[in-house]
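Trainee: What follows is the residue order along each chain.
2 protein chains.
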Amino acid sequence: MAAIGRRARHAARAIGRSETAAKNQALLAIAAELERRSGHLGAENRKDLDAGAQRGLEAALLERLDLTPARIGTMAESLRQVAALPDPIGGISDMTYRPSGIQVGRMRVPLGVIGIIYESRPNVTADAAALCIKSGNACILRGGSEALNSNKAIADCIHAGLEQAGLPADTVQLIGTADRAAVGALLQLSDCIDVIVPRGGRGLIERIAAESRIPVIKHLDGICHIYIDADADTDQAVRIAVNAKTHRYGVCNAMETLLVAESIAAELLPRLAAAYREHGVELRACAKTRDWIPEALIATEADWDTEYLAPILAIRIVAGLDEAIDHIARHGSGHTDAIITRDFARARRFLREVDSSSVMVNASTRFADGFEYGLGAEIGISTDKLHARGPVGLEGLTTQKFIVLGDGHVRG
Amino acid sequence: MAAIGRRARHAARAIGRSETAAKNQALLAIAAELERRSGHLGAENRKDLDAGAQRGLEAALLERLDLTPARIGTMAESLRQVAALPDPIGGISDMTYRPSGIQVGRMRVPLGVIGIIYESRPNVTADAAALCIKSGNACILRGGSEALNSNKAIADCIHAGLEQAGLPADTVQLIGTADRAAVGALLQLSDCIDVIVPRGGRGLIERIAAESRIPVIKHLDGICHIYIDADADTDQAVRIAVNAKTHRYGVCNAMETLLVAESIAAELLPRLAAAYREHGVELRACAKTRDWIPEALIATEADWDTEYLAPILAIRIVAGLDEAIDHIARHGSGHTDAIITRDFARARRFLREVDSSSVMVNASTRFADGFEYGLGAEIGISTDKLHARGPVGLEGLTTQKFIVLGDGHVRG
Chain P
54 MAAIGRRARH
64 AARAIGRSET
74 AAKNQALLAI
84 AAELERRSGH
94 LGAENRKDLD
104 AGAQRGLEAA
114 LLERLDLTPA
124 RIGTMAESLR
134 QVAALPDPIG
144 GISDMTYRPS
154 GIQVGRMRVP
164 LGVIGIIYES
174 RPNVTADAAA
184 LCIKSGNACI
194 LRGGSEALNS
204 NKAIADCIHA
214 GLEQAGLPAD
224 TVQLIGTADR
234 AAVGALLQLS
244 DCIDVIVPRG
254 GRGLIERIAA
264 ESRIPVIKHL
274 DGICHIYIDA
284 DADTDQAVRI
294 AVNAKTHRYG
304 VCNAMETLLV
314 AESIAAELLP
324 RLAAAYREHG
334 VELRACAKTR
344 DWIPEALIAT
354 EADWDTEYLA
364 PILAIRIVAG
374 LDEAIDHIAR
384 HGSGHTDAII
394 TRDFARARRF
404 LREVDSSSVM
414 VNASTRFADG
424 FEYGLGAEIG
434 ISTDKLHARG
444 PVGLEGLTTQ
454 KFIVLGDGHV
464 RG
Chain C
54 MAAIGRRARH
64 AARAIGRSET
74 AAKNQALLAI
84 AAELERRSGH
94 LGAENRKDLD
104 AGAQRGLEAA
114 LLERLDLTPA
124 RIGTMAESLR
134 QVAALPDPIG
144 GISDMTYRPS
154 GIQVGRMRVP
164 LGVIGIIYES
174 RPNVTADAAA
184 LCIKSGNACI
194 LRGGSEALNS
204 NKAIADCIHA
214 GLEQAGLPAD
224 TVQLIGTADR
234 AAVGALLQLS
244 DCIDVIVPRG
254 GRGLIERIAA
264 ESRIPVIKHL
274 DGICHIYIDA
284 DADTDQAVRI
294 AVNAKTHRYG
304 VCNAMETLLV
314 AESIAAELLP
324 RLAAAYREHG
334 VELRACAKTR
344 DWIPEALIAT
354 EADWDTEYLA
364 PILAIRIVAG
374 LDEAIDHIAR
384 HGSGHTDAII
394 TRDFARARRF
404 LREVDSSSVM
414 VNASTRFADG
424 FEYGLGAEIG
434 ISTDKLHARG
444 PVGLEGLTTQ
454 KFIVLGDGHV
464 RG
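Protein chains in written order, with the numbering used here: chain P, 54 to 465; chain C, 54 to 465.
If you're looking for bench data, these hints aren't it; they were derived computationally from the structure. This one's a predicted model, so the numbers in the text were calculated from it and none came from an experiment. Please note that the accuracy of each hint is not assured.
[Claimed, not checked] In silico lysine to aspartate or glutamate, EDC-like type, Cα no more than 20 Å apart, as pairs: (1) LYS271(C) with ASP244(P); (2) LYS205(P) with ASP223(P); (3) LYS100(C) with GLU216(C); (4) LYS271(C) with GLU130(C); (5) LYS100(P) with GLU130(P); (6) LYS271(P) with ASP244(C).
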């Protein structure tokens, strides 16, 4: 593992100073290789699927593992999209002259070496490699053992594409062993790896964060709230509250708790209840809410702290904005929260005072996403506060150094 | 300790939404209190000095501990300077409309609660509190046990000032016990503290980083290099190389290793040797350098990895830019490195390829400093890559959240 780390550190210097054109050429070459070797990728993937079926992997996992021709096409398309994004590296900003005469500013540079640990989807191998190459970073990839053959075949395409562009193959290294101890060893390489990005369930992320000697960009719970204010446009409120819950259930930016201002409850709750009934959403509500939606189940304290990722919604009536902000501060996970209101001052207060990675006014929490925000692609969504917060795109894989220009200036 | 954490988290919400005027009023009121209570501060400081002298504290430590009337004046002046800085909080940037119709941008917000662990200088109590207040953060301060009475007296002034401005006194909490276990307990409060900033020697910082469950902004070694290129202006080169080494010896941005292009060595090294001799700087040099400076000691491998913080300089002749960049990559600490050259292309390559928090052209490494960079004040210099890199001012104590504005937009 130490040798992998040293090779990554070495490759990082080369990819870090590579020209944009070479990096883009590599991304396009990888896309072409993936398509050219589509049959081979399918055959390698078949080995993983068969082994998984034999081991009794559940159907949902097998489905995620499946590398259909359409999914190979999507991977190639993603690579081309990353190639089309602007190169963040080398961007200089904030150059100013100081009273001493020196000129000071910042230059955007790669982080160095990124370790990415992920679960079953093999497309992450190509997607993560693409973001690292474009942002001038080397990476060490550790995919799920159940996808090992698929990941190796994809890594071969990546190496071929890098070499065609004259870039070192070690820019992207895949740990090609199913040995679980490899992750533990990886997390100790603080001299060789600058940041770890885990992609997977909460269990994986918490285990990695606890064990790692390297900073980790974490994506923990998405307990997202919508607060419908007394001055909400009720049509907007219903539309957004239904979209945020029912557009997709298993995603981190789905609404899990709806807070409703008491004075608008009579008008709003029966309409919402009808809409949720139509979508088969189970409602768990506070006592006051059940005055208007008697069929709702009684919410327990635990409901306010639960990320359902399912057609279940917790509903609570609050006195107004202050109680809503308090509830979110106490029970939220700092992911994404929205207010629905026509009131300017309350919208402004909500934006400022709610301490989440995305705070919204009159929009569905489902928009919290790298593509929707225009980042072009995302390597994950960070619920941390330091470094990257919210959807993490290319910029989240970079940092800024200070640059100072002078004409022989010395400090007096 | 848990109660201190909870109070800090609570105070963070209040200070985070406070208006700029209230925060500035608090800073000015604290400055006035420090001056008003100057006699009392001196008396409390006397207790620490007497106890330190009895315990046999070395003279340098006692000197740092001494809170003279002039130093109290400087503390008050620093507070007024922080009050005069622009408020970073609430700043909105990069607002754009997306194809979906939503408007997306970022808002600068406080980190939340900052834990600051520092050694003997009591002025850090006021300086760190000022930066946290201005950036809308609550903080928990843990100063050196040898300065406990001084720090408590300063904390009393801070609380008085906060209360005069209508801000919660718990915005700044000082751990008022000399018990060493308190630091360990503090570093476990990951629910209540968002980041730890240690200020002190390498030993303190490494111990805290190893033990902390909370992200740490680290300031480790400053092994700073200057590379004098073949095309350097020799007058500039001598002026900068002398300034960077001799302006102050015990500081992290002092040059520790000088790299000289082979073709300019004959012209440059005798002049440099004479200048360093005048300043009493001991030279430790590679064999080639000793052809020109025979009186220099022989450098060992360990010299290239040493932060002397003393009138000692390592000198090495390199073939040119590539070897210089390689040397810095292998032996540097990622703090501050400079090139002296008139050559445009080599200046540009050095700026891009040297991976340090400050990279300079034709300027002394001594400029790597928050005040010199126009940050107004600094809480430290980060040698980390994530989040803050280089001098950390108010902005390093903040983060950005995404904000999304819509008119009832839902995701399709």
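Trainee: Look at each hint and say if it fits the structure.
Mentor: How the hints compare with the structure:
Of the pairs offered as hints, the one joining LYS271(C) and ASP244(P) holds, with about 15 Å between alpha carbons and a cut-off of 20 Å not exceeded. Between LYS205(P) and ASP223(P) the alpha-carbon distance is near 14 Å, which keeps this suggested pair within the 20 Å criterion. Between LYS100(C) and GLU216(C) the CA atoms are separated by roughly 27 Å; this puts the pair beyond 20 Å, and the hint is violated. Pair hint LYS271(C) plus GLU130(C) does not hold up; C-alpha atoms about 27 Å apart against a cutoff of 20 Å.
For the given pair, LYS100(P) sits about 25 Å from GLU130(P) by alpha-carbon distance, which is inconsistent with the 20 Å threshold. A threshold of 20 Å between alpha carbons decides the hint, and for LYS271(P) with ASP244(C) the separation of about 15 Å falls inside it, so the pair holds.
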